[in-house]
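J.: Here is how the chains run, residue by residue.
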Amino acid sequence: MTNYLSLSLDEIHSKLVKKEIKPLDLVLEAFDKIEKNEKLNAFITLNKESAIEEAKALERIEVNGLLFGMPIAIKDNIVTKNLRTTCASCMLENFDPIYNATVVEKIKANHMIIIGKTNMDEFAMGSTGETSYFGDILNPWDLTKVPGGSSSGSAVAVSARITPFALGSDTGGSIRQPSSFCGVVGMKPTYGRVSRYGLVAFASSLDHIGPITRTVYENALLLEAISGEDSNDLTSSNKVVPHYVDYLNKEISGLKIGVPNYYMSDVINEEVRNKMKEIITLLESMGCNIEFIDIDYLEYAIPLYQVIALAEASSNLARYDGIKFGHVTSSYQTLEEFYKKTRSEGFGNEVKRRLMIGSYVLSGKNANIYYEKALKIRGKMVDSFKDAFKKYDLLIGPTNTDVAYLLGTKQDDALKSFYDDLLTIPLNMAGLPALSLPIGFNHDHMPIGMQIIGDYFKEETIYTLASVLEKTLNLDLESGKKC
Amino acid sequence: MLIPTIGIEIHVELKSKGKVFSKGKNEFSTYPNTNVTVLDLGYPGILPQLNKEVINMGIAASLAFHAEIAKEMHFDRKNYFYPDLPKGYQITQQKTPIGSNGYIEIERNGVKKKIRIERLHIEEDTCKSIHTEHATLLNFNRAGVPLIEIVSKPDIESAEEAVLYVEKLRETLLYLGISDVKIEEGSMRCDVNVSVHEDGTPFGTKVEIKNIGSISNVGVAINYEIKRQTEMLKNNVKIVEETRRFDDKTMTTIAMRTKETGNDYRYFPEPDLPYIHVNEAWIKKIEEKMPIMPEVLREIYQKLGINEKNINAILSNKKMCDFYEEMRKNMNPIILSNLLTGDIISFMNKNSLEFEDIKLEKNNLGGLVEALERNDISSKQGKEILPILITEGGDYNTLINKLGMKQISDADSLLELVSKVIDENPESVIDFKAGKDRATKYLMGQIMKASRGQANPALVNKLLIEVLENL
Numbered sequence: 091m092t093n094y095l096s097l098s099l100d101e102i103h104s105k106l107v108k109k110e111i112k113p114l115d116l117v118l119e120a121f122d123k124i125e126k127n128e129k130l131n132a133f134i135t136l137n138k139e140s141a142i143e144e145a146k147a148l149e150r151i152e153v154n155g156l157l158f159g160m161p162i163a164i165k166d167n168i169v170t171k172n173l174r175t176t177c178a179s180c181m182l183e184n185f186d187p188i189y190n191a192t193v194v195e196k197i198k199a200n201h202m203i204i205i206g207k208t209n210m211d212e213f214a215m216g217s218t219g220e221t222s223y224f225g226d227i228l229n230p231w232d233l234t235k236v237p238g239g240s241s242s243g244s245a246v247a248v249s250a251r252i253t254p255f256a257l258g259s260d261t262g263g264s265i266r267q268p269s270s271f272c273g274v275v276g277m278k279p280t281y282g283r284v285s286r287y288g289l290v291a292f293a294s295s296l297d298h299i300g301p302i303t304r305t306v307y308e309n310a311l312l313l314e315a316i317s318g319e320d321s322n323d324l325t326s327s328n329k330v331v332p333h334y335v336d337y338l339n340k341e342i343s344g345l346k347i348g349v350p351n352y353y354m355s356d357v358i359n360e361e362v363r364n365k366m367k368e369i370i371t372l373l374e375s376m377g378c379n380i381e382f383i384d385i386d387y388l389e390y391a392i393p394l395y396q397v398i399a400l401a402e403a404s405s406n407l408a409r410y411d412g413i414k415f416g417h418v419t420s421s422y423q424t425l426e427e428f429y430k431k432t433r434s435e436g437f438g439n440e441v442k443r444r445l446m447i448g449s450y451v452l453s454g455k456n457a458n459i460y461y462e463k464a465l466k467i468r469g470k471m472v473d474s475f476k477d478a479f480k481k482y483d484l485l486i487g488p489t490n491t492d493v494a495y496l497l498g499t500k501q502d503d504a505l506k507s508f509y510d511d512l513l514t515i516p517l518n519m520a521g522l523p524a525l526s527l528p529i530g531f532n533h534d535h536m537p538i539g540m541q542i543i544g545d546y547f548k549e550e551t552i553y554t555l556a557s558v559l560e561k562t563l564n565l566d567l568e569s570g571k572k573c
Numbered sequence: 005m006l007i008p009t010i011g012i013e014i015h016v017e018l019k020s021k022g023k024v025f026s027k028g029k030n031e032f033s034t035y036p037n038t039n040v041t042v043l044d045l046g047y048p049g050i051l052p053q054l055n056k057e058v059i060n061m062g063i064a065a066s067l068a069f070h071a072e073i074a075k076e077m078h079f080d081r082k083n084y085f086y087p088d089l090p091k092g093y094q095i096t097q098q099k100t101p102i103g104s105n106g107y108i109e110i111e112r113n114g115v116k117k118k119i120r121i122e123r124l125h126i127e128e129d130t131c132k133s134i135h136t137e138h139a140t141l142l143n144f145n146r147a148g149v150p151l152i153e154i155v156s157k158p159d160i161e162s163a164e165e166a167v168l169y170v171e172k173l174r175e176t177l178l179y180l181g182i183s184d185v186k187i188e189e190g191s192m193r194c195d196v197n198v199s200v201h202e203d204g205t206p207f208g209t210k211v212e213i214k215n216i217g218s219i220s221n222v223g224v225a226i227n228y229e230i231k232r233q234t235e236m237l238k239n240n241v242k243i244v245e246e247t248r249r250f251d252d253k254t255m256t257t258i259a260m261r262t263k264e265t266g267n268d269y270r271y272f273p274e275p276d277l278p279y280i281h282v283n284e285a286w287i288k289k290i291e292e293k294m295p296i297m298p299e300v301l302r303e304i305y306q307k308l309g310i311n312e313k314n315i316n317a318i319l320s321n322k323k324m325c326d327f328y329e330e331m332r333k334n335m336n337p338i339i340l341s342n343l344l345t346g347d348i349i350s351f352m353n354k355n356s357l358e359f360e361d362i363k364l365e366k367n368n369l370g371g372l373v374e375a376l377e378r379n380d381i382s383s384k385q386g387k388e389i390l391p392i393l394i395t396e397g398g399d400y401n402t403l404i405n406k407l408g409m410k411q412i413s414d415a416d417s418l419l420e421l422v423s424k425v426i427d428e429n430p431e432s433v434i435d436f437k438a439g440k441d442r443a444t445k446y447l448m449g450q451i452m453k454a455s456r457g458q459a460n461p462a463l464v465n466k467l468l469i470e471v472l473e474n475l
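Chains G and Y, in that order, are what the protein sequence lines are. As numbered in the numbering used here, residues 91 to 573 make up the first sequence, in order. As numbered in the numbering used here, residues 5 to 475 make up the second sequence, in order.
For the record, the hints were derived by calculation from the structure and aren't laboratory data. Careful: at least some of the hints might be erroneous.
[Claimed, not checked] So the derived list for chain G, only partly shown, Cβ under 10 Å to chain Y, looks like this:
(1) V169
(2) L182
(3) L407
Ideal Cβ positions, reconstructed from N, Cα and C, are used throughout, including at glycine.
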């Protein structure tokens, strides 16, 4: 078996340009690796036939960019025309979309090749990869551990070097948390930077699409490719998309960096905290000015998320009623029974639990008690972040409170799995860009991730710091080697 | 004596080119499920668009109903399950209606009354569902068609006022050109809330009536409901809050469902659409393009001295009114109104012509009106000329010459004619001297005849009297 997909992007690209390899070689290698890593359960649907066809078609075109011919994996809640999109749910088990998401169109315009649709937590609800209708996804660093979620398969595919690129979605941490657990680079950009058109909605005001990659360089390239205003998404921004790679490996001395006190408090696992402390010392030695700061209401991140995200979800998932698409119950007498049975059969437990909470917090007087209040607190948290960015270029902290844990640990405790997103949710609430970068391993050689948070539409500053740290730390992050 | 309290909620379909939140065509009448986009189906991954034309129409309607326009507005989601609702929620404006605190002024027996409008808001229509014996059929052509809902305050006190209110509202929207407002075809839907109470006591329990298929039936339904509720109270039967349906076969209302306490629509702001900021400049731009409203036109026409009958006839037909407005500033508006509501419209009706079809224009019609005003031609001649102008058009003077209808207004030639006729009729001169009026009339007739109708009758009359008196 070939192993081109473990080479650096520039090396692969140069081989393509010199015609030493063809896009087809990369595609076939990706499918070989999927087969070899079948137990990881990273994919729900493979795009083998079309991918091979597309790769062959690319042989007739001049290599015209760094992303040309590169295999990419797409999270299965991003719609792909004529390629099954299930959201890892029984509800959409047989759903073939009739249109492409905007990001998919952009990927195709860059001549990247979609290898398949990645496994995930059902409707992006979960942070362990265990709520999928298509079975658990495993962490390639340790098959007994969770990969994190909900973009589990995307992080796993990149970590196991099945594809160099993947797209994920992030509503409360679903790109950053699995990226951190799997030792890859995951970016949740500014809200509005990347079009959401074609992302199956979970919580519209918190949903983001973003790149998951092996390196910061690849991440910057893919983000540039998928960003920009989209007339199909009125919440997308018309701000010019920078050429992010121009900002990599620049001088970081003099950067003003804040560390929220809450992100270094005792809610964080000690090993993770110590790793963060090492990084802070390293950055100071490189000339960064680091200060500890307070951001208001960070400790309310989880209840905020439960109210706002689940309220929006209860509305967004109302369309799965068996009338137009998706699962339909086989026998019923009345309309009410039709709805009840269709939705009871189609949704998994975690989804049902969240829809019930979401409906509850919007019902009658609860809307005032919970929803309106949550919006107010969200507003204050945002103000506090904005104040911080008047003083600092970046904020940093760990991505998660801990490293990947054993499968099955949190299944029985509905609340516990929300706590994985404690440090990531605030950035969805604020819409600020945040990237998870691998910064080392714990005693068990499980990856630890660090979160770098930027001001609105300042992804390039995040990439500058991330690229310098990545280069300085020089970690070996190919997960397959350990198994 | 029980006092009725009536409030009306009206849904109006807007005739924008596209749907409100998708790029689908706003054409319901085409083959079912052909004007449908992934958005109208509530497909996974879709996000709403916003059709600015609809916002403009909402601003125009708010202005026409004297409502305050929301400077910052957003949309909300109204959540409920029903097969005709593709997304499981309807995008509407719960918190920030585009218009609020407006009114419609009605006039009854010369007395004017303002019916207050609580709110106007924009929302999307649902699918059209057709229930057959074995299935319910859904037509998504209607899903996403823009609606404006106009909610009155309970200021209406009788069926007659209600009908006047609906008629006025319909007329206004028709003049704005933003809706077909055809209640019979469903582009206007009226839901009426009726309650009755003793003077000096709180309002009674309200009952909602739906499914009213014509404006006159709005009145019928209300009168029936007032009578029904009054009798119930007389017999000490408690009125329950419920929704009833008007049945146009029996002309009665029939109970549909009792109102469940607190319908829970779980409203919350639509996160997929940004807030809309409406500034004065935007409003002004709409205002400048707005047609003059019928109530304003009525006042103008009254001042011009047009009779009520003509005013009503002109205002009841938007196309006629547009035509009148285009013409009236260039000619005598009274004569024009007589011609338009009389000979012109009847000729058009007889020949099934539309205003677009007729060849009348400012110049030729103006020439005719001016000639009639100066008595250059008789009204009888006018009737002969009109059909030619309507069907063939052309220049008025050329036509008059061609028809030999040109008037002789030259005093010298007329005097010659007058003297000749007097010479030929000595008995009439004797009759005139004896004070007999018919003598002048006879002589006038003879002169006109001799001129083949071309003599200016006014001038002839003046010359004739002068000559006779000097004899």
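J.: Against each hint, give a clear statement of whether it holds in the structure.
T.: Checked hints:
Because the beta carbon of G:V169 sits about 4 Å from the nearest beta carbon in chain Y, less than 10 Å, this interface hint is met. The criterion of a C-beta within 10 Å of any C-beta in chain Y is met by G:L182, whose closest approach is roughly 7 Å, and the hint holds. With 10 Å as the threshold, the beta carbon of G:L407 comes within range of chain Y, its nearest partner Cβ sitting at about 8 Å, so the hint holds.
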